[in-house]
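There are 2 protein chains.
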Amino acid sequence: MGLRVARLRRLVLERLMRYYRFLSEGRGRRPAPTVTSAEIADALDIDPTQVRKDLGAIGLLGMGRVGFDACEICRAIRIVLGFDQPYHAVLVGAGHLGTALMAYARFSQYGLNVSAAFDTDRRKIGHLVAGRRVRSTRTLASYITRHDIRLAILTTPVEAAQKVTDRLVAAGIEAIWNFTPTRLTVPPNVFVRNEHISLGLSELAYHLTHLDVTRR
Amino acid sequence: MGLRVARLRRLVLERLMRYYRFLSEGRGRRPAPTVTSAEIADALDIDPTQVRKDLGAIGLLGMGRVGFDACEICRAIRIVLGFDQPYHAVLVGAGHLGTALMAYARFSQYGLNVSAAFDTDRRKIGHLVAGRRVRSTRTLASYITRHDIRLAILTTPVEAAQKVTDRLVAAGIEAIWNFTPTRLTVPPNVFVRNEHISLGLSELAYHLTHLDVTRR
DNA sequence: AGGCAATCGTGATGAAAATCGCATAATGGG
DNA sequence: CCCATTATGCGATTTTCATCACGATTGCCT
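Protein chains in written order, with my numbering: chain A, 180 to 395; chain B, 180 to 395.
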């Protein structure tokens, strides 16, 4: 109950995700039903205070010198992040990255069901990719409306990204998980989460070229 | 010349990368050799002041009412981020994601050359993946030392991540691009960049479950 | 039972990042 | 040649995020 959720910020949500993963899989056979903020913090390289603040933000209270009930944390996070209210998604762009994402079965643990894949490549259409039949993007709009699809995973080439996005929006999509290195323009009622992988290269290249041997 | 580089922070580096991509590919046939901070800002959805600060941080000066020299920006960013000093990398874990990354040819534009792939799966070893022969991870250490490999791209399953990391570190790797949802423990002289894709799910799921219709 | 040690909750502090406001400089038109 | 316009540069401010410090609470040990 309770569980006030006052507009959680992105970083908080991401940390909650990490706490959840740690508690549900991460720690080895540690049968303790209770966990301290310090234990989580150590494992995840976060400040213990931060952990307490985050858990407090979703209404969880720890106990005196015992810590938090691990199950209760998991349950609360599942509720807050909505893992127990599964939603359907389509994936557009059945290339290597798209295949990788569909093959990552664990997404269903977090409520995400990828129910179909779409592509424009005739050689792929009709074939199976990661166990799902690839459909033509021409059928995209009707599929979305028919199957109550709320999220689209965008793994097309850059050139096609905005065009596909426009069609997704027109079909009434609610959110887009964008893996293309593009800023998509969408109406304000569509939520976009960008996953710009190649941004990581900037940091890596910078370190490799400048901080050669002299890292602090 | 000049180009003082005083410990640029991660967010600055990532924005520089975005500026670079926008200037080198992004804007359509706009022959203007000069670009204003507002133009960049609009295209990338960033505050114009932020753009000027970032460019100033790498020693670039704009001109009065003209803006910045686009070529000069690109050149400066290439120098700062080290795109012109190529370095070699290996990829460990030739699964779907690994294949996707190797197939993404554009990395070489940013100085990154993936020169070999490794895996433990006997069925993959010896075969070609994205044009590169997959080798046994047993040969990993010797390959790294022999070929002056500085970066490792980690796309193994979670279970193998830390074990592989230890071997990479022992072989003298300088940086790791970690795509596994794990916090790697490494000595302080090894740089790790985490690319935790599934963290995006937290934000997406949260929005889909809570902000159903009522997005501001 | 009573003190000790561990853990929490939270207000205060500090650091980092983003944004604002305005003086300044350069360009182009009249 | 001068002025209005449009950019920049940068100090000041605000906002966000992380950390610290400390009182309060709870279980454990003797």
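One or more of the hints may lead you astray.
Each pair may be met inside one copy or between any two copies, as identical chains are not told apart.
To be verified - Straight-line Cα separation of at most 20 Å, SDA-like style, residue types lysine to any residue; simulated pairs:
| hint | residue 1 | residue 2 |
| --- | --- | --- |
| 1 | 342 | 193 |
| 2 | 303 | 282 |
| 3 | 303 | 275 |
| 4 | 303 | 376 |
| 5 | 342 | 201 |
| 6 | 303 | 241 |
Honestly, the hints are just simulated from the structure, not real lab data.
Hints, verified against the model:
1. 342 / 193: Cα proximity of residue 342 and residue 193: none, with 30 Å in one copy and 25 Å across.
2. 303 / 282: Close inside one copy (16 Å) and across copies (17 Å); limit 20 Å.
3. 303 / 275: both (12 Å within a copy, 16 Å between copies)
4. 303 / 376: neither (25 Å within a copy, 25 Å between copies)
5. 342 / 201: between (39 Å within a copy, 18 Å between copies)
6. 303 / 241: Answer is neither; intra-copy 52 Å and inter-copy 48 Å both fail.
This entry does not satisfy hints 1, 4 and 6, going by the numbered hints stated previously.
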